[in-house]
Every structure is written in C-alpha cells, then in structure tokens.
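Colleague: Residue numbering for the sequence shown follows this note's numbering, beginning at 124 and increasing consecutively.
Since the hints were derived computationally from the structure, they do not count as laboratory data.
Bear in mind that the values here come from a model prediction, so they are computed numbers and not experimental data.
The beta-carbon is built from N, C-alpha and C at its ideal position, and this holds for glycine as well.
Possibly wrong hints are sitting among the right ones.
To be verified - Straight-line C-alpha distance at most 30 Å; calculated DSBU-like pairs for lysine-lysine: (1) K609 x K298; (2) K720 x K366; (3) K424 x K720; (4) K278 x K366.
What the hints assert, rightly or not - Pairwise CB distance ranges, derived in the manner of DEER restraints: (5) P580 x L131: 47 to 55 Å; (6) T837 x S547: 40 to 48 Å; (7) F449 x A166: 58 to 66 Å; (8) S422 x V660: 27 to 35 Å; (9) R332 x P580: 40 to 48 Å; (10) H534 x P593: 13 to 21 Å; (11) A836 x A354: 22 to 30 Å.
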Amino acid sequence: MTAAALSLELQGSIAIITIDLPNEPVNKFSALVIAEFDAMLNAIEGNSAVRAAVLISGKPDVFIAGADIDAFLEFKSAGDAETASASGHRMMARLENSRVPVVAAIHGACLGAGLETALACAYRIASDHPKTVLALPETQLGLIPGAGGTQRLPKVVGLQVALDMILTAKNVRAKKALQSGLVDELVHPSILREIAIARANALAAGTLRGRNRKKLGLMGSLLEGNALGRAIVFRQARKMTLKKTRGSYPALPAAISAVEAGYQGPATRGYATEARLFGEMAMTAVSRELIFLFFATTSLKKDSGVVGASPAPLPIAQVGVLGTGFMGAGIAAVAAMQGIPVRFKDMKHEQVGRGIAAVRAVLQDRLKKKQITRQQFDDQLSLVSGTIDYTGFGNVPLVIEAVFEDLAVKHQVLAEIETVLPRSAIFASNTSTIPIAQIAEGAPHPENVIGMHFFSPVQKMPLLEVIVTPRTAPEVTATTVAFGRKLGKTVIVVNDAPGFYVNRILAPYINEAGRMLDEGVAIEVIDRAMLEFGFPVGPITLLDEVGLDIAGKSGAIMSKAFGDRLQPSASLGQVLASGRLGRKSKRGFYLYDAAGKKGGVDESVYALLPTGTRRTELAADEMRHRCPLAMVNEAVRCLEEKIIRSPRDGDIGAVFGIGFPPFRGGPFRTVDFVGASEVVRQLEAMNAKHPGRFMPCDLLVSMARDGKRFYPATGKPV
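Whenever a hint applies, use it, and build me the whole structure from the sequences.
Modeller: Spelled out as structure tokens, the structure:
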C-alpha cells in the first residue's frame, strides 16, 4: 500500500484523477492514501491550466469501498480515532472548497468514506448498473460516518432520507440515488468517463451547477424546514431506534446526535461533534465485536473449506433441485437470482407447478421492492423449469435434494438420480437432521455426497452449512463451498454429526426456554428476556416460526444422540401433541390471523403446560444466563469434538444462522470477553441448580485453568 494509489492525466484543462490501490481488490482510504490525495489536490490547484477535475476508479466494479478497516485496530484511544476523523474532515473540506471543481464518476460500490468523498465533490455522476450502489455502512461496524457524512448527506438528500441511510446502512441503487438527489446524473457505464469530462468542462465554464437538492414537498418542508419540525424527526428517530435495538447499538443514537448537531450552530460544531462521537464509538466493545465479524466474514470468503492443498472448484453452470416444497423453491429462487438455470423435479405436475409458483412469489417480492427490474424478473423466472421424471438431469453437475425428511425417501431418490447423473456429479442433501454419512450409505459414489443445509427462508437467511463426511472428496467440498458463495451465502464447513453445528447449539437454548415453560414462567416473559439479551426473536416465537413439528423431530434426534442433557421440554411435547404446529397452522404458543400475522400469546395454550395456568416468577438475570450459557457451552463442545474447525466458524454460524447477538460477536467471542474462568463459574453455579445440563465442557475447564483465549487479545481478531 506504499505504491501510488492515484494517477493523474490531463485532457485539456481537465485533470483526470484515477484511484487504483495497488495489490488490493478494492479502493479504500488509509492515512497514506489521504496524504497522497492531499498532494494530488496541491498539484492540480497549483497548475493554473487545470480548471476542473474528474475522480474515477481504476477498479472494474468498485469506486471507493470506504476506509481501511485495518487502521481502526490501531486506535489506542478515543482521541486517536477523533484525530483520524478530523483528518478526513480536512481532506473533504479541501475537496469541497477547491478552486478546481471535481466531478465524481461513480461506477460500482461507493461506500463509507467513498460516498463521503463523492458528497464533497461539486457534481456526482453514477453509472446505471446493478453493481453501482451507494451507502454509509459505518453503523454496521458500531461506528458513525467520520469524514463528514453526517453533515453533508442531510444537506443533499434531506434529513429524513439521510437518517434512514445512516441508521439502516442500506445500499442505495443508482436509480434511487438519482431520485433522492444523492447523484446528479445517471449514464451508461460505457460513457461514464466521457460524460464526466464533459460535465467537468461545463463546471469550469460556469454553465453547470451541482448539488441540486431534491425538493422535499410540503410535508418534507414542514418537518425539515424549521427547528420544531426537525425536533419531531429526531425524536421519532430516537424512539424507533431504541425500540428496534433496545439500546444495544450505541452508534445509532450517536449518529442521530451528530446529524442533529449540524443543525444547531455553525458548521464547525457539527463536524467537531461527528469527530468526537466517531472517536467514542471506535472504542466501544460493540464496535470491536462488529469489526471482528467483518474480518471473520472476509477471511471466510477466502476459505475453500478444504484443509491443506485445495483443488480448484468445478464449474457449476446449472443445478437440479429435487423437491418443490418450501425449501426446494427457496433454493431454486436464489439460484435463479444468480443467473443459474434450475431443473426442478417432483412426483406430480401440480407439485412442480406449486414450486414454480413459489419461486415466482419470491421473485415478485424482489420486483415489488424494486430490487430487480421487470426484465430481470422475467429472465430469472425463465431459468426455472420443471419435470416429474429425470429428463434434463443428464448433464447437471450438482443436484440439491430437498425432499421429505425421511432416510428411506432420501435413499430412494439418491438411487434413482445416480443412474441419470454424470459420474462426477455432486449429490447435496438439504437435510437438517439426518447425518450425511447415513444418506451416503449404499451410494455407488459416496465421495460425491455432501450436505448443503440452507436455513429458512432461504432467500433471506445468509448462512449455508456445508456438511462433509470422512469420505467426501476434497474437490466436492471445494466445489460446493464455491457454489454456496455464488448463491450469495456465507458458508461454513461442518463435520458430519447429529444436528451438525447450528441446530446442535440451538437445541439446548430452545430446551432451556422450554424448561422455563415447564416451571411456569410466562411465554412473553421468556421471549422478552432473550430479546433484551440481543436475539432478534424470542425462543418461543422461534418455535412457532420454525414449526413445532420440525422442532419436535429435531429435539428427538438430539435427545437420542446426546441423552438427557438435550432432552426436550415437556411443554413442547404436550403442545405438539395437541395438534398445534405454530404459524403455519395458525395455532401455536401465539395467536395468528388469517394471513399468518402474529398477535399476542394464546392464553388457551397454558392449559396444555405442566403447571397449567399457574405462573412462576423467575429473575430476568437468570433467564438471560440460562439459555445463552447452554448455547455457549454446546458451541465450545462442538469445537472440542471437531464438529467445527475453528472458533471463527462457530461464531459466524451462530450469528448468521440463529441470530446470536452480533454486538456480542458470537459464543467464542463472548467467552473471551467474559473470561473462560467466569463462564465456567457461571456454568457450575447453574449446574448446581439444574444438574447435568450445565456441566462445563472439558475445553472450557482447561482454558479457565490455563488462562487461555480463543482469539488473540490484540491485533486483527481473525
């Protein structure tokens, strides 16, 4: 990163600045790049022949991806981070107030400091391309924009749009950016450079003005055009943020305060507030854990899934999906979204029809949300074809089985399909409960059998567990992992065992919630305790969402494999026996309307529970310990048993698979934060109350004894 990131080309009176960070896949700002940028501005401002400039990227699909996150690990204090923010402010101010107006020519990702740079430019042109997205994603790292984003963005797109962008960290696509005023113009990628130069000439001639803020309309003006209206907007933003996060993400209220400061005095006050709050957020434990997740997911993208020398993954140009139910349709939909042809197979024409209709519904939802165009919708839907036999499977390199969760049925479809498929074809099972080695028994080519455990709903859940057996061929693993990433999934490789990893650690968490029901604790009290811990939904709500029948089947498998330690609660069994299945049957622990929308607790369910209508009080702290501690202990046991290959994979699986609170980093990061000795002490205290269920695993005990951690105490977390 010491080589030049910026190059300069003169075209008449226009300076074309190309940013292309050497030996890096994306452009990002570091102290060195900022210094180089400053020197470049000196050069063009000192050249009287230069009247305007264009800033463009030399990367194929990235403008500027943001700041160098590695540099954040070097901050020793809030003051260090505040100083870095102030340095960014000075650079952006120079850009904004330069004698030489700059046109930002944006193609690809324009994120964080990249967007803050564009906001400081005199004019912004974006390419009309799917890969062109603009965002301020800093809150996803527990930070706030630190190079002027909280100050400039509201002045460009308005207060409400700016708050929405900053607080949600969502990507804004090029057309939406034009509509909101975030960019001034949209052009085809092939003419981006040409048009940018033309606009730079117009700026130099004084015939063009940029930064045309979008008109707010009557309601927008009433809310944003005066102090009273803005106070209402800020109050509502704080209220909604607190409701959504329960105070677990301090960067969100900090971002609101930074934006608000920009309206409460001179510009210097707003920028100083942004720098101060950026510094404070950079030192929070929440930011540390979210940055860990960033590095963990980044390193995972480079992991082939194979230990040692990794074979090159085989190309997967099309895929077969066996079973057109909810999961099969979801898998087919995400494949079609990536432009991969799908051959759907089920036993009856009406089943195939329902499956294709389900794919259509997923794609229609994306169309409705303007995530795809009508042409893209038509193109993606046309990639899915169906059959009731195996015609069209003769050249399919990968088949994903999503049939009924019954070993005999899976053996039957495997025997049938292997007579049709090419010798090298991969057979992947989407089972969530049956060991892959059992499915591979009797297969002519067990080395080609692997697990691909998707999570429901497939189009929304980011994780994919790839399950390997001792007989799975390395090239099969590498190919499946690469294909999973092609589908847009975060992929972890797990060794074959009952429950694999995610369902294995979910079982004790759910069981403890069920035991609390057995003891008479109210349904909503249990759910609220886990929401306050940081889970996105409570465990009882999750049971209804997953389906009590599926939870019951999974619980029986866990109990058979691991004995009383993972024995399901009596409450779950009794509610399931009554015929309630949760949301899908409109009857579970909660009430549901005809459309399946969740209401309050179904009070009639208490008559089915061991304690009936008698309620028991349980301290919130105990509830917030019992369920997560059981999960953490099981996660470490999975590492001990080599079900997962690293703490990193375990943390990613827990966060992306079941919603372990991201601000806590995952089960293994939680152990490091709390300390292994303290975790063991808490487990032993809980085990004294509930013998057998909380016995600390051997690895935790040895780590507590030796004072060890899962991750280094300093430096890059993975």
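Colleague: Take the hints in turn and mark each one as holding or not.
Modeller: Status of each hint after checking the structure:
no. : hint                    : in the structure
1   : K609 x K298             : holds, 25 Å
2   : K720 x K366             : holds, 19 Å
3   : K424 x K720             : violated, 36 Å
4   : K278 x K366             : holds, 27 Å
5   : P580 x L131: 47 to 55 Å : holds, 49 Å
6   : T837 x S547: 40 to 48 Å : holds, 46 Å
7   : F449 x A166: 58 to 66 Å : holds, 60 Å
8   : S422 x V660: 27 to 35 Å : holds, 29 Å
9   : R332 x P580: 40 to 48 Å : holds, 47 Å
10  : H534 x P593: 13 to 21 Å : holds, 19 Å
11  : A836 x A354: 22 to 30 Å : violated, 44 Å
Of the hints listed earlier, those the structure fails to meet are numbers 3 and 11, in rising order.
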